[in-house]
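With chain Y's structure known, arrange chain C on it following the hints.
2 protein chains.
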Amino acid sequence: MPRIVMKFGGTSMAGIERIRSVAARVKREADAGNEVLVVVSAMAGETDRLVQFCKEAAAIHDPKEYDVVVASGEQVTSGLLAMTLQNMGVKARSFMGWQLVRASGVHGNARIEDVEGGALDEALKGGMVCVIPGFQGVSEDGRVATLGRGGSDTSAVAIAAGVKADRCDIYTDVDGVYTTDPRIVPRARKLDRITFEEMLELAGVGAKVLQVRSVGLAMRERMPLRVLTAFDDLPGTEIVPELGAEDMERNAIAGIAADRNEARITLTRIADRPGTVAAVMGPLADAGIQVDMIVHAATEGAGSSDLTFTVPRASLAQAVSVLKSAGIEGDILTDDAVAKVSIVGVGIRSNPELAARMFATLAERNINLLAVSASEIKVSALVAEDEMELAVRVLHTAFGLDAPRGE
Amino acid sequence: MPRIVMKFGGTSMAGIERIRSVAARVKREADAGNEVLVVVSAMAGETDRLVQFCKEAAAIHDPKEYDVVVASGEQVTSGLLAMTLQNMGVKARSFMGWQLVRASGVHGNARIEDVEGGALDEALKGGMVCVIPGFQGVSEDGRVATLGRGGSDTSAVAIAAGVKADRCDIYTDVDGVYTTDPRIVPRARKLDRITFEEMLELAGVGAKVLQVRSVGLAMRERMPLRVLTAFDDLPGTEIVPELGAEDMERNAIAGIAADRNEARITLTRIADRPGTVAAVMGPLADAGIQVDMIVHAATEGAGSSDLTFTVPRASLAQAVSVLKSAGIEGDILTDDAVAKVSIVGVGIRSNPELAARMFATLAERNINLLAVSASEIKVSALVAEDEMELAVRVLHTAFGLDAPRGE
Chain Y
30 MPRIVMKFGG TSMAGIERIR SVAARVKREA DAGNEVLVVV SAMAGETDRL VQFCKEAAAI
90 HDPKEYDVVV ASGEQVTSGL LAMTLQNMGV KARSFMGWQL VRASGVHGNA RIEDVEGGAL
150 DEALKGGMVC VIPGFQGVSE DGRVATLGRG GSDTSAVAIA AGVKADRCDI YTDVDGVYTT
210 DPRIVPRARK LDRITFEEML ELAGVGAKVL QVRSVGLAMR ERMPLRVLTA FDDLPGTEIV
270 PELGAEDMER NAIAGIAADR NEARITLTRI ADRPGTVAAV MGPLADAGIQ VDMIVHAATE
330 GAGSSDLTFT VPRASLAQAV SVLKSAGIEG DILTDDAVAK VSIVGVGIRS NPELAARMFA
390 TLAERNINLL AVSASEIKVS ALVAEDEMEL AVRVLHTAFG LDAPRGE
Chain C
30 MPRIVMKFGG TSMAGIERIR SVAARVKREA DAGNEVLVVV SAMAGETDRL VQFCKEAAAI
90 HDPKEYDVVV ASGEQVTSGL LAMTLQNMGV KARSFMGWQL VRASGVHGNA RIEDVEGGAL
150 DEALKGGMVC VIPGFQGVSE DGRVATLGRG GSDTSAVAIA AGVKADRCDI YTDVDGVYTT
210 DPRIVPRARK LDRITFEEML ELAGVGAKVL QVRSVGLAMR ERMPLRVLTA FDDLPGTEIV
270 PELGAEDMER NAIAGIAADR NEARITLTRI ADRPGTVAAV MGPLADAGIQ VDMIVHAATE
330 GAGSSDLTFT VPRASLAQAV SVLKSAGIEG DILTDDAVAK VSIVGVGIRS NPELAARMFA
390 TLAERNINLL AVSASEIKVS ALVAEDEMEL AVRVLHTAFG LDAPRGE
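So the sequence lines, in the order shown, correspond to chains Y and C. Per our numbering: the first sequence = residues 30 to 436. Per our numbering: the second sequence = residues 30 to 436.
So that you can see chain Y by itself, here it is in the shape it has in the complex (with noise of 0.2 Å):
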């Protein structure tokens, strides 16, 4: 009998006629013959509220005590999901965090260790549908402990690995995932299916679709996603360890992503000796800001040279305080009116026409690229920020992603 985890984002519980589809669509899959968890968030709102509670109370507050307040949120939901489910007539109990999800870690950004299936195995196989609060479990000194912000997304995955799920569907207020920022270029298209690599890219260049930790957690633990809305009947998005035969169609790009959260740093003049990016990046890692592209290209004779970085927009002022306190030889500039913009596939990896696709398509436009870098499945572009809407429109249509008109 397949097991699946549906998990529900805050929008889908916030109030009880939305408690009331939710618990219908949990119906049809128990009904089709699913073993089914459910991983609930708190109602939209409520945390919030929970958190603003806590900052009244203490402005510095102890993270144990905070858990105990946030938990509670999920705590309710997962009540009131259970006697949904049960008015309905399907067979359901729920579970608190502190029964089965073992976490570690700090308070208030824990990591799940274990979860306790055994009890899950048993109401399962009793014909029983699970709902589990997400966000939460139990500290080793046995107290409430939470996952941090967005953490239920992470929850669902490690509740799916735990119980050996065969899969584990997030529905969420998106209909899936989409080859760019619809409101960038109106005809996006839903992707069917990306690989957790993929949407990794995807997700951590700007695609808020998911909580890049749970896409982490599900592709090493090799546990397939689907994206799904709460508030209609779309097939959404599969997220895969690796595309299949069927998938010879897609296209090689999966989606363009586009981010504003970059500011560019170039050093003048520095010395070209052995060292000397180190002496640059080092300082820098020590005051935990991370560093994304870099371009140092020497010029051959010259004896110095130009090194460009960027750094997120929010930490540059401090970065370039750290360098000056670092004592770095030649002129600071900064740019903070700049955009990365990426072509993100698996196709990449086996094909470098895609990169010089990209280039030349950007060329033909006169985008000017302010530094370039490229891993496996990605290549990206730092172009000027009032040309990163033009150069993700350009290159949506170039690599053929265009949904047809009037779909």
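Note that these hints are calculated values from the structure, not bench results. This structure is a prediction, so every number in the text was calculated from the model and none was measured. Watch out, some of these pointers could steer you wrong.
As the list claims (entries may be wrong) - Partial pick of chain Y residues on the chain C-facing surface, computed with a CB cut under 8 Å:
(1) Ala87
(2) Asp91
(3) Ser107
Built from N, CA and C at the ideal position, the CB exists for glycine as well.
The following block gives chain C in isolation, referenced to the frame of chain Y:
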């Protein structure tokens, strides 16, 4: 080192400002060298909100899931109070009901079986204030169990007994126990001290200050209680096993109770033979209807008589229908415009003159007695409902309970 339990109701916990003022009160007791445990209710209104969710989810719902939902209210206030105390420099932590309060019986209306004092002892000895959500524990099957509405008072007393506290202070929104309802007698006076038995009679017949169950438990455990307001610095009322030498000056009568929640049933012309009263009371008991005052005076030589008794007003219709199905002979007369007025005091036991004074006082004002009953520490008279307030006032004056003018 004295060990005390402080219990705060929903009004005292309604919002962060009030929680801060509760924390200040707790800090004062801790600074004074007490070991302090605090039992808290949910924010006023929160439990109602959660109960409403349950009702909307399913008219008839699984009490185990109901418990999961409604227990969250006290979980939130426990965490918030603990972090507020820490913020004031008081060592504090919360414990959840499932970590230490073992409960038994039906979900939604469970009884506390045992409190695991070990972890609390250790924390208290380490100078830690322990904050515990009222109204909940863990059931035999390891699930969240609640004690029924208002159960936080009972939690507090059970926890106080479990940790062998010296005293349990119940902070509420009234400043103590009064000689009668101040809405009826503006010159009602706050009592400094009252016995458990007196308190049970005053609570049972109308004075709604403490949950009856918590007083019964405190009596069995001989746990001294204090009722105090959370909103002012007033001494409140002590509730003790028995009065001491210092109470010699206290009135023999502690207070006057009034209860409108009564209805009278009179069965006329029933046979004067053994078993008649039992034939009436049996079916009512089987139907779970509580019968209170019973008057059955056979008229010498008549061969038949009247039987009068009272039942809760809400059960009147059901009682009549039970009596009809049981084939009770004679007519069934009912009257729901009645009320019960009682004098309550440990002095009644040793002083029969007190009952006589009560009847004389009522007779002087031409108040008709529809029925009378008496126990060791209480004498009750059933009167017409529209004469109840007058009866309370004249008795209050006759027994010397009126506050001096200007107090």
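Hints, verified against the model:
1. About 4 Å separates the beta-carbon of alanine 87 of chain Y from the nearest beta-carbon of chain C, less than 8 Å, and the hint is met.
2. The restraint placing aspartate 91 of chain Y at the interface with chain C holds, with a minimum CB-CB distance near 5 Å, inside the 8 Å limit.
3. The beta carbon of serine 107 of chain Y comes within 6 Å of a beta carbon in chain C, closer than 8 Å, and the hint placing it at the interface holds.
Against the hints set out earlier in the document, no violation occurs for any number.
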